[in-house]
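Trainee: What follows is the residue order along each chain.
2 protein chains.
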Amino acid sequence: MLETLILDGKRVATDVKDSLKERVETLSTQGVTPCLATILVGNDPSSATYVKMKGNACKKLGIKSIKVELPEATTTEELLQKISDLNNDTTVHGILLQHPVPSHIDERAAFEAIAIEKDVDGVTSLGFGQTALGFGDYPSCTPAAIMAIIDYYNLPLEGKKAVVVGRSPILGKPVSMMLLNRNATVTTCHSYTKNLPDILATADIVVAAVGKPNFIKGEWLKDGAVVLDAGYNKGNIGDADYDSCYEKASAITPVPGGVGPVTISMLLKQTVDSAEKYAKQVSF
Amino acid sequence: MLETLILDGKRVATDVKDSLKERVETLSTQGVTPCLATILVGNDPSSATYVKMKGNACKKLGIKSIKVELPEATTTEELLQKISDLNNDTTVHGILLQHPVPSHIDERAAFEAIAIEKDVDGVTSLGFGQTALGFGDYPSCTPAAIMAIIDYYNLPLEGKKAVVVGRSPILGKPVSMMLLNRNATVTTCHSYTKNLPDILATADIVVAAVGKPNFIKGEWLKDGAVVLDAGYNKGNIGDADYDSCYEKASAITPVPGGVGPVTISMLLKQTVDSAEKYAKQVSF
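So the sequence lines, in the order shown, correspond to chains A and B.
Quick note: to get our numbering, add 2 to the position in the first sequence (first position is 1).
Quick note: to get our numbering, add 2 to the position in the second sequence (first position is 1).
Heads up, a few of these hints could be off.
Note that the list lumps identical chains together, so a pair holds whenever it fits in one copy or between two copies.
What the hints assert, rightly or not - List time: in silico SDA-like cross-link candidates among lysine to any residue, alpha-carbon distance up to 20 Å:
id, residue 1, residue 2
1, Lys-196, Asn-183
2, Lys-214, Asn-185
3, Lys-224, Lys-250
4, Lys-196, Glu-160
5, Lys-19, Gly-259
6, Lys-224, Asn-197
Just so you know, the hints here were simulated from the structure itself, not pulled from any lab data.
Please work from the sequences and hints to get the whole structure.
Mentor: Encoded structure:
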């Protein structure tokens, strides 16, 4: 048997980020600095860490990042007002509302309030619909990262059987639709799915997006399956049991260093895409 | 073996329409007549027939229907203007653009122009996204009809394996998402799918939405599968080969008299839903 290919997310991310440098420079000559506004509501420490990581990643590429920090007691109305301000701020090209917000806030209403032109994190239902129907500009970043890894390594999708384990609005559902749009036959599984191992046994491509550490076992996989692990659980552990999956797979993303880094690079890319659209619109 | 249950779409449709009569009367006492505007562009004879059928169905329930007939040579801009006029007309509660429009028109742009509050036919990407994420008001009518039949007959979905054959924006994709939201494990198949019979052999529920007469064969089905046939091909022929599927299935929709009549009743229902929302909004 051939050795399992480790799908190196850092390499893909570096490739994406390198391609962005030149684009950011060109924008700079046009007087436009790409700008991502991140909104953090409350005091969740991991959310604060994520926002900081995203800010640092922006900085390295010359993308401006604005950190909007709102107190735990922020109301839905106050958050919606803030989002509206950012929608109207022409110097802001992307808006990211860090999930989760405190439970008293209507998170869906807040996501929906983000203008589609600035929804570079792919959280609105409009963005989801456009992606699913095949013409969206900004898919959710983790699904976009999974597709970017697939394309970087030229992994075939057409006619392949893909099984997505998970059905969240920003991961399982959109990646199912994106794989479908690339002519894979897609099965979406979740907590009510019966006989998951039997379903996985038929999969050429497995997307693990379930949020349970080491959940997908190697013995469930078909020989030579491709495993894309979007899980990121406490202690840097993926949703796929790496060692046993590595044994069976033809290719696998590690955790960390797989889907994660590419996800951030997709956020940066989509912010630059948005800034370019803005620059085109104001130029003459 | 138990006899196959014929899922009687006419009965479901009658039930839906009966429930609408009272609602239309109540609206009438509030001075609101539900109104569906249908737009027909060009001279396609089957489209003209569909529009006429929908108009007649409205009439029987006291729903007003406005037929907008535009010539074959209509431009995208002219169509968009017409849709904008209907969006702004407060006496219109639903807008249906009959598919297909002449090929020189940007049909997607036209669909997208329909205000979400009036998209009772479920054709916008925003409506699709809302439905997929589980909070849409107006799903596409054929998927809504399939769900209505399932619910009328109390067919279980949770944990069941559903296979949808077809992935169109108003049928295969949305019904896949709606079944998923009801906790079925959903596989979406299409022209690139390999070994379709093997996939169907595992399905508890089969949705035929492929647009090919008699395409799904009974010998491909699992014993006791439920077959929902959304196909409607020339000569009133479904996508499922009725006789052979009837032999294997525990329940099946006939063609005609299955999904078709329920689809129209869903359009009427969603128009009344929209009129009620309008009445609530203007009342005090």
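Trainee: Could you run down the list of hints and mark each one as holding or not?
Mentor: Hints versus structure:
no., hint, result
1, Lys-196 - Asn-183, "between (26 Å within a copy, 16 Å between copies)"
2, Lys-214 - Asn-185, "between (28 Å within a copy, 19 Å between copies)"
3, Lys-224 - Lys-250, "within (7 Å within a copy, 30 Å between copies)"
4, Lys-196 - Glu-160, "between (26 Å within a copy, 10 Å between copies)"
5, Lys-19 - Gly-259, "within (15 Å within a copy, 56 Å between copies)"
6, Lys-224 - Asn-197, "both (15 Å within a copy, 16 Å between copies)"
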